[in-house]
Structures are given as C-alpha cells and as structure tokens.
Amino acid sequence: MFRLKESVHVNAPMDRCFLLSTSIELVQKTIGLKPVEGKTKGLIVSGDQLIWRGWKFGIPAMHETLITGYDRPAFFQDTMGRGRFSFFQHDHHFAEMNGCTTMWDIVRFSMPLGMPGKLVGKHIVVPHVLKLMLQRFELLKHIAEGSDWERYLVAAPASTESTSGA
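Residue numbers 21 to 186, in our numbering, belong to the letters of the sequence shown in order.
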C-alpha cells in the first residue's frame with residue numbers, strides 16, 4: 021500500500037476551500053479526465069458517484085469515484101469503486117485558524133499485478149499522484165484567495181454555517 025500526504029495553507033475561509041475542493045469542474049482541471057456518468061457537474065456531496073474517462077500514460081482510463089465520507093466543512097473522502105488500482109482512497113481534511121485554512125490530503129492506493137504493479141506504483145504512479153496533488157492545491161489556493169471563486173460556488177448547497185464571506 022502506498023500512502024501520500026501533502027498540505028497547503030490558504031488565506032481564505034474553510035467552507036470556501038471545502039466547497040471549491042468538491043467542484044467537479046476544478047477536479048477535472050487537475051486530473052485530466054472527463055466526468056461522463058453519475059454526477060458530472062457542480063459540487064459533490066455525500067453518496068455521490070461519478071465515472072471519469074480519458075487517457076493516462078497513453079492508454080484509456082476509467083475511474084469510478086464514490087463519495088464515502090462527507091462532513092462539511094472539515095472532511096470528505098472519495099474511494100474508487102472501479103478502475104486501474106486494486107485500492108484507491110483520497111481523504112481531504114480542512115482546518116481553520118484566524119480566517120485561514122490548512123488543507124491536507126492523504127491518498128492511499130495499491131496496485132494490481134504483484135511485484136510489477138508495485139514497481140509501476142513506486143516509479144510512475146507515486147510521482148504522478150504527488151504532482152497532481154500539488155497542482156490541485158496550487159489551483160485551489162489561487163482560486164480561493166482570488167476573486168474568481170464565486171464562479172465555482174454559484175449553486176453551492178446550503179450549510180449550517182453562515183456562508184457570507186465564504
């Protein structure tokens with residue numbers, strides 16, 4: 021099992037960072053796959069399912085994402101239902117202090133095919149996933165701290181917390 025962890029500090033409210041992280045459009049910009057089935061637009065919520073298709077490493081890719089944990093605005097989890105991995109799970113954590121947000125992600129995955137899969141995981145997939153995590157954080161930070169964030173949150177589901185200033 022591979023385990024990757026990355027974090028970023030964002031000068032924006034926690035709920036805004038959480039909701040931007042659930043934007044299918046923003047996820048699509050970082051993973052390079054297109055949502056084709058299930059929920060394909062907007063913001064994911066608990067119980068959502070979507071299927072992504074595209075090309076990775078020169079071959080067709082399909083990844084089914086299931087939202088298996090959701091505790092707005094502190095945490096959500098996506099787990100692979102079907103795809104190339106033996107197991108894939110991504111935890112998204114959020115904490116706020118003095119109006120700023122720390123976001124940290126933990127990705128756990130395992131590869132099929134025994135030792136050849138482990139070698140591919142170590143030398144190809146781990147660097148690729150780390151790169152995607154950092155690109156995603158950079159994009160989220162840029163949008164959350166800028167003036168463009170409202171474009172992605174127009175139809176944000178209501179929260180028990182005040183979303184003014186979010």
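Keep in mind that the hints are not guaranteed to be accurate.
Said to hold, decoys possible - Here are the simulated lysine-lysine pairs, DSS-like style, with alpha carbons at most 30 Å apart:
1) Lys59 to Lys151
2) Lys151 to Lys76
3) Lys142 to Lys54
4) Lys49 to Lys138
5) Lys25 to Lys142
6) Lys138 to Lys61
7) Lys54 to Lys76
8) Lys142 to Lys161
9) Lys76 to Lys161
The set of hints was computed from the structure by calculation and includes no laboratory data.
(message) Check the structure against each numbered hint from earlier and tell me which ones fail, lowest number first.
(response) 6
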